[in-house]
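With chain Z's structure known, arrange chains L, D and W on it following the hints.
4 protein chains.
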Amino acid sequence: MKTVRAGLIGISGYAGMELARILASHPSMELTMACSRGEAGKKLGDFYPFLRGMPGSDIEICVYDIKKAASACDIAFLAVPAGTAMQMAPELLEAGVKVVDLSADFRLHDVAVYEQWYRQKHTASGYLADAVYGLPELYAASISRAKLVANPGCYPTASILGAYAAIKHGIIHTDNIVIDAKSGASGAGRKAAVPTLFCEVSDNFRPYGAPTHRHTPEIEQELSLIAGRDMIVSFVPHLVPMKRGILAAIYANLTDKKQDLASIHALFAETWSMSPWIRVLPAGTLPETANVRGSMYCDIGICVDSRAGRLIIFSAIDNLCRGASGQAIADANLMFGLPVNCGMADMAPLP
Amino acid sequence: MKTVRAGLIGISGYAGMELARILASHPSMELTMACSRGEAGKKLGDFYPFLRGMPGSDIEICVYDIKKAASACDIAFLAVPAGTAMQMAPELLEAGVKVVDLSADFRLHDVAVYEQWYRQKHTASGYLADAVYGLPELYAASISRAKLVANPGCYPTASILGAYAAIKHGIIHTDNIVIDAKSGASGAGRKAAVPTLFCEVSDNFRPYGAPTHRHTPEIEQELSLIAGRDMIVSFVPHLVPMKRGILAAIYANLTDKKQDLASIHALFAETWSMSPWIRVLPAGTLPETANVRGSMYCDIGICVDSRAGRLIIFSAIDNLCRGASGQAIADANLMFGLPVNCGMADMAPLP
Amino acid sequence: MKTVRAGLIGISGYAGMELARILASHPSMELTMACSRGEAGKKLGDFYPFLRGMPGSDIEICVYDIKKAASACDIAFLAVPAGTAMQMAPELLEAGVKVVDLSADFRLHDVAVYEQWYRQKHTASGYLADAVYGLPELYAASISRAKLVANPGCYPTASILGAYAAIKHGIIHTDNIVIDAKSGASGAGRKAAVPTLFCEVSDNFRPYGAPTHRHTPEIEQELSLIAGRDMIVSFVPHLVPMKRGILAAIYANLTDKKQDLASIHALFAETWSMSPWIRVLPAGTLPETANVRGSMYCDIGICVDSRAGRLIIFSAIDNLCRGASGQAIADANLMFGLPVNCGMADMAPLP
Amino acid sequence: MKTVRAGLIGISGYAGMELARILASHPSMELTMACSRGEAGKKLGDFYPFLRGMPGSDIEICVYDIKKAASACDIAFLAVPAGTAMQMAPELLEAGVKVVDLSADFRLHDVAVYEQWYRQKHTASGYLADAVYGLPELYAASISRAKLVANPGCYPTASILGAYAAIKHGIIHTDNIVIDAKSGASGAGRKAAVPTLFCEVSDNFRPYGAPTHRHTPEIEQELSLIAGRDMIVSFVPHLVPMKRGILAAIYANLTDKKQDLASIHALFAETWSMSPWIRVLPAGTLPETANVRGSMYCDIGICVDSRAGRLIIFSAIDNLCRGASGQAIADANLMFGLPVNCGMADMAPLP
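For the protein sequence lines, the chains are Z, L, D and W, in the order given.
By the numbering used here, the letter at position 270 of the first sequence is numbered 252, and the numbering carries on one by one without gaps.
By the numbering used here, the letter at position 39 of the second sequence is numbered 21, and the numbering carries on one by one without gaps.
By the numbering used here, the letter at position 326 of the third sequence is numbered 308, and the numbering carries on one by one without gaps.
By the numbering used here, the letter at position 348 of the fourth sequence is numbered 330, and the numbering carries on one by one without gaps.
Extracted from the complex, chain Z is given alone in its bound form (with noise of 0.2 Å):
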């Protein structure tokens, strides 16, 4: 097997930093370029001392450019934020560069629902029809065969994992769902701002975003595919002072009332028992983000409040490792024909 030669395109946030780890142990996959306006120059183990001795750790970071991208790249991460992405994709597509696009811009399939919740045009909407979503349990077939992948958003990851048995074998009702997520503080960014600050998030715990966070109709229309009808949801996001990890629990009403934990949990398992990937807990075990950690298990628990008639599932994944990089890496294993695990770490580090 030829060795995938891999452009990373965004280095400095949290997704560029997670890639970088992933690729530096790759054994298909070789890290060829890194770009960074704002580090060029800079070899990536000096930006990254954490890099240092590991592969690709003297490459040096320099400014993107299509030409050099190119020649260098058999693929390309996108980790730039939503708008630049679409500016990128379309000339490297053209160029025969692959794309794995971990911004937003080619998540959703109706460009009016982007322009609407993004609040800007959308100047690639052509590439939209050949975008593949790339949840690999939905949709790896289509994500094998593509030359574009839109990497999902962590929240509609997670929650997308957590809700389909139920959605998918008509269990709850899909008209009063509400998503209640947690994530850690990675999910906001590298960037340089007073409410990301150790001191405003340690020992605090907030709401933010809410009702309008971007991540609703990601989250929206692929509920809707799997529902077969269009759904709206109530997603909140809140922050946790942590650094890796997002929670969601999904509350829904279910269909028969009647239902009790243990039918439904052999309906959770068999749905997920051919997925590696998704660990769906013994009755009565509920998931906790550490257990995750840094790895690209879901970890799924379920609940039934007979009292009200609601199910209640739990949902956890790493927002850096499955909720952004480590998917992006699968989702190129899967473009290039690799063990769609290949050089994925395998746990957690614990504690």
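Hints listed in this document are in silico derivations from the structure and should not be mistaken for laboratory results.
Everything numeric in this text was worked out from a predicted model, so none of it was measured.
Hints are supplied without guarantee of correctness; some may be wrong.
For chains that are exact copies, the list does not tell them apart, and a pair is met inside one copy or across any two.
[Stated by the list, open to error] Calculated pairs, DSS-like style, for lysine-lysine (alpha carbon to alpha carbon, straight line, at most 30 Å): (1) K240 - K(-16); (2) K173 - K24; (3) K239 - K150; (4) K173 - K25; (5) K25 - K239; (6) K103 - K150; (7) K49 - K(-16); (8) K50 - K173; (9) K24 - K49; (10) K24 - K50.
Quick look at chains L, D and W alone, frame taken from chain Z:
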């Protein structure tokens, strides 16, 4: 005004610690007895070095004894487990000592509900009728006249204060309410236990106790009284890697889906305009736990998800001060004719 | 007693925040002016939601102006960067406004030392002779008479109070002293910056600034005055993943290697017996930062390493209260004839 | 190469947890026995949910039994308390099972020193002569031939690796050394105890154990061997509110006060040029624990305080991986002729 002599039964937990802290600077109460079987014989300031040099730090911790309590105390704060409090309260009341019980033993009016959720026999059910639920905003007058006050739980305090205005004014349906609550680790107590070790809690987030957490019937009892009809809620608590603070997100369907944020906000603001500890935040501002740290404040933020026809209320308190010991002192203040906020820390030390 | 009118120049940092917090409940001082270029026009309680409802929260933040300061303030607290303070202090003093400067501009008596370590010209060196170093335990009388007080740095406060007794009584050699100090992240300020983001600080520990941290000459100046001879120390600060607190470990060789813990402890205890904020812990007990959180206490623990002939002194303070804003208020109290501890929070909220 | 069958005696602590984690992805070792009295009967993946789905997670935890160990294991890792290990090691060795002991029982060559510091009789002192101190950089050849390896303590690992180059090359005086070390809370173990509860550790910092911490004689033994003369050091550990990581600051007087940073740095760099796990950081860069998280790296930064004639060395490791379980695996790799880094995680997951 004569100084009120206060006894503190159970000092080794976080509620006892917080009571000792507040009493140390209370201008009209004096700590005259501090009981703990395990720590008897030590000086309070040696057991809690942060109290060294403060009033009360020289008191010697003793084993609880009803005779000593009867002669030394005008009021006793019970910071002991449910089950123990119901044994102590009757003899204290008989001896003429007023009681604020921080356990759950006297919170639920219906003894059957207590026995079902707490899985133990109630041996002092004759006292339930006279026990007053110690939430000052709702029951100040009754608290003033009470001999026995049942201090509310931490989650119920946040939940009831958050939901009150919306239920009272009938703007939400009462049959489809979800309360997704998050608490700092001090809520789990100061018992030596692996799950609350630093390395298990830090950089981790997890739900627990769902759907049978014991605060559920307490929340339902009080919300039902406000609503004037029986209510069932789904209540899910989570553990946040922080020391103090609770934030509850309350999800409910609007009775009139056309109601807008401005009108609902006005209703909340008006409801609480005479309650200095309830801060209804400006429309668009959401609460965070750090802003209420160590104080009696309850910060409430509201959010209308008009797409889903849903009202989302966020309510933040300090679990140890407002949710336990501060509220107990406020109740005691009322019971002795002192200003309700006498001796209370005013605001959070930030950061 | 007439209420002292206090101006706060520079509110957006943690020192300004802490000053606002203490002033809000100070019985004899009133915040009459709060200045910040970036936040001008906002109400203080909107900028700092934790202050909402407290005295002073309705004040409108304004741009600093000497005329306004002259008419509105009896005293000005300068919570501005070194370099800016030396510009403001002279005009305030000329206008009859007393000044407590929280920056380093007036701490060093020798202008050459200032210019060497701070790498800028001192433009108000004429005021150095009259500036008093605001450590109440050492200079209370001078502070009482001062118009301009140079509020000590946080590390120097912990280091000087810790080392004082040992140097004063000649029990350690003054030529081989190491001060290994550790601080919470609030010491790094509230400026938006990547290195103080939550994800960079949390679960991490690192030294910084060695061996040229600017608090070095300040420590040396004061220790030399105590010793009566010039001293050089090795001073190394570290960043701890916590919000508040400093702990300094001071290592020195004993002049008499036979001295035992009991006798040294007695000496420390006697030295500080009349200083209510200095708590010399029992022999065998070491300090921790949580016990002094939000307070003016300095907890000192001592340890004799008799194998090595070395005295190790541990000194813990709250960097924002004792190490900055609380100390500034204490100084202002003295300058206006108030009790030194007037308006001061008494003790740490634990946990 | 035949797969090495590994037994893990003592799985309930953090060292056992980390061993289980590393073994789960080790290509040439297989976990064949996991022992814990308290957890016997559970599957490893149920006890440690983060291991679910990984190799070894289906193994059933059992009570330790020498017969079972003899038949199931080529090597046993002892993650049990000092005192217990000395009972198990002899019978395992007799049965032909190699042993890596993570306790302190076989680290000190002088039985009298052991008995003085650990305050218990050594019942297997006959094995001390053949036990090899398992620091690969110093003793790789001996480890390769050993049957019994004494895995170094966490603080000693950081201290010895940090000080090695300076002592070896005689650039510091060996009679005036201070080691001020700081560790994350996992170093305190996974025992249920109040002082390591989240609420006691978080937002707090404190020294402990000085001046009689049991790692002192271990550090002195190894530094003395390097120096070729008996050395005494002052060693003080502190508890940092983080999960993993140790940073040691080593203070020593330069033999030649004129030596500059560049020359000393060159000496360090040269000393470790062939040791891939020792990263001597560029002059002017100081280490931080996050950069070595979960890895075998030891990051060393040096600083010359020329005013004081002092060398300050900072040494950072991960206390659980390099300071315990990773090092134990590295030793086992050597003992079975595997590459020393076989199966080892390469780098820290950041943030």
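For this session: Give me the numbers of the hints this structure contradicts, sorted from smallest to largest.
Result: Violated: hints 1, 5, 6.
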